[in-house]
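Colleague: Those protein sequence lines, which keep their order, are chains A and B. Each residue of the first sequence is one higher than the one before, starting from 20 at the first, in our numbering. Each residue of the second sequence is one higher than the one before, starting from 474 at the first, in our numbering.
In silico SDA-like cross-links for lysine to any residue, where the CA-CA straight-line distance does not exceed 25 Å: (1) A/Lys105 x B/Asp480; (2) A/Lys105 x B/Ala485; (3) A/Lys245 x A/Asp189; (4) B/Lys547 x A/Leu74; (5) A/Lys114 x B/Ile484; (6) A/Lys481 x A/Ala509; (7) A/Lys114 x B/Ala553; (8) B/Lys547 x A/Leu157; (9) B/Lys547 x A/Pro75; (10) A/Lys114 x B/Ala488; (11) A/Lys43 x B/Phe532; (12) A/Lys105 x B/Val566; (13) A/Lys434 x A/Glu357; (14) A/Lys114 x B/Arg482; (15) A/Lys374 x A/Leu337; (16) A/Lys105 x B/Leu529; (17) A/Lys114 x B/Val556; (18) A/Lys324 x B/Asn533; (19) A/Lys105 x B/Ala488; (20) A/Lys114 x B/Arg536; (21) A/Lys114 x B/Ala485; (22) A/Lys105 x B/Pro524; (23) A/Lys114 x B/Pro528; (24) A/Lys43 x B/Pro542.
Every beta carbon over 10 Å from chain B, so not counted as near; a handful from chain A, in silico: (25) Glu138; (26) Glu266; (27) Gly340; (28) Leu381.
Every beta carbon over 10 Å from chain B, so not counted as near; a handful from chain A, in silico: (29) Val73; (30) Val135; (31) Ala252; (32) Gly272; (33) Glu277; (34) Val282; (35) Pro370; (36) Lys374; (37) Leu375; (38) Arg386; (39) Ala428; (40) Gly444.
Calculated directly from the structure, the hints in this document are not laboratory data. Here the structure is a predicted model, which is why all the values come from computation and not from measurement. Heads up, the beta-carbon is just placed ideally off N, CA and C, and yes, glycines get one too.
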Amino acid sequence: MTSTVAIDFETVIGLEVHVQLMTKSKMFCGCSTEYSGAEPNTHVCPVCMGMPGVLPVINERAIEYISMTGLALNCEIAGFSKFDRKNYPYPDLMKGYQISQYDLPICQNGWLDIQVPGEEPRRIGITRVHMEEDTARLLHRVDASTGEGYSLIDVNRSGTPLMEIVSEPDMRTPAEAREYLVRLRQILRYIGVSDANMEEGNFRCDANVSLRPFGADAFGTKVEVKNMNSFRAVHDALVFEQARQAEVLRSGGTIPQETRGWVDERSVTVSQRSKEEAHDYRYFPEPDLPPLRLSRDWVARVGAKLPELPAKRKERLLALGLSEDEAVTLTESRERAEYYDATHAALGDTPRAAKLAANWVLSEALRWSNVNAKDLDALPIGPGQLAELILMVEGKAITSQVAKDVFEAMAASGKGAQEIVDEQGLGAISGADELTGIVRRVIASNEKAVADYRAGKEASLKFLLGQVMRETKGRATPQVAQELIATELAE
Amino acid sequence: MALTTDDVRHIARLARVGLNEADVERYAAQLTVILDHFDALSRVPTEGLEPTAQPLPLFNVMRADEVAPSLPQKVALENAPEVEDGYFRVRAVLE
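With these hints in hand, go ahead and build the complete structure from the sequences.
Modeller: Structure, rendered in structure tokens:
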């Protein structure tokens, strides 16, 4: 008989993220990593195919990239590090082992600050970041004549530099896990070491999740969840696991230590294998690779390559007087943040310039970015050109209404703001002489609005102004036009 | 330490090396001699020494991130017992 016990549980989540690095060549050989769409087994050589007697050699750029990652995640970079062989018999490993790092990873003891919107900021520990190599890709097919399954191997991916980032079990909710992944991906893209695209498989996440009664120190038995191919999938899988484990525990059951796979179509996790039959990897030092001694100088040189990171940028934008939302959105990607900075710089070093640049980047520029699914480095309007447009509006050479059309024309043609305004005759009409005639025409043909205004309906003035703007295709300077209407009606 | 003929057959199977009975006898003797050399190593006093996997004083042996030519697919697949559509074909793989 099972009885339901009312216990409140705390969820404990740790994440392991595998990230493919954007090097040109593989981790230990010169084969190209640009294998996407390539014929199978065409980016291969004796080293990555695991032929006997070959000698792997470490790709220096990969070591640089993982060190940059470690520094960006506030890790210690090991002065002494080495590679190890992780043995397991699976056909996606051509050598029968994977070159990885066991006890002396390159990066250790870091952290990443996260904040789920509306909640307190949290610091998530980074246990380690180590270097390894990706495996070959397997395809599973069924023989049409015998009905038997078989597998096909493409070695192109094998040996691609792979970085594993292991967090401490510091996350407490699925939302925190998701936020951690979002911020981690953001940093990896900022520092330019990976595309970090989950759907394309160059950013993969496994989650360790357990429950314990609130207030308990000891961890519950953890379950490893795999096969999540999007941030949403990670979030949903953790929500599912949380509920599943709570139900088992509340009804008096125990959680076996196991690996479970997320089945996206059914939104459930299913048991894959129990940890009791886990492989013994028989790690031992890789004798073909001399160890690494990364000097302080070398680490400092690598550190100097890091750009300003998102958290710091955000702080700087807040200090300029921008709102939290504005600062978060403007620093979403490095391209966007740099575009904003350059636009701001071209407008001058004033709080007003900071705000103007933010308004334009967040509205027109981001609209273009969303419509075209491209970041702002691809916008045909450079930051200097955008600043020119903004200054024309500020100087009342064009109205803000017209400016939006000019922006569109600039984005479509690549021409400058002044050129488009001249070509299309879009300059603001602010002279009373030019506007008076139009104002009188509008008043004459809108008797009802005029009568309403005279009867005390202030809003009718706005309607009449709208008509003037329409007549001038938005070119009338609104303040001047409004004054003229009021003057004419007062007579 | 003497290797049995069963050990040799087991290792040969793991390495996918085909041996006949005469080979098995011969290699059992030869491999035993090789293993005896390691016995000699285990008699060396190593107390107080840091373990190392590297007898050479080498560090930071690295290469620049440059692409070198790969093998043509035909050559890459040359040793494979079974091939299909440019892939290595193997028995069904189930975790």
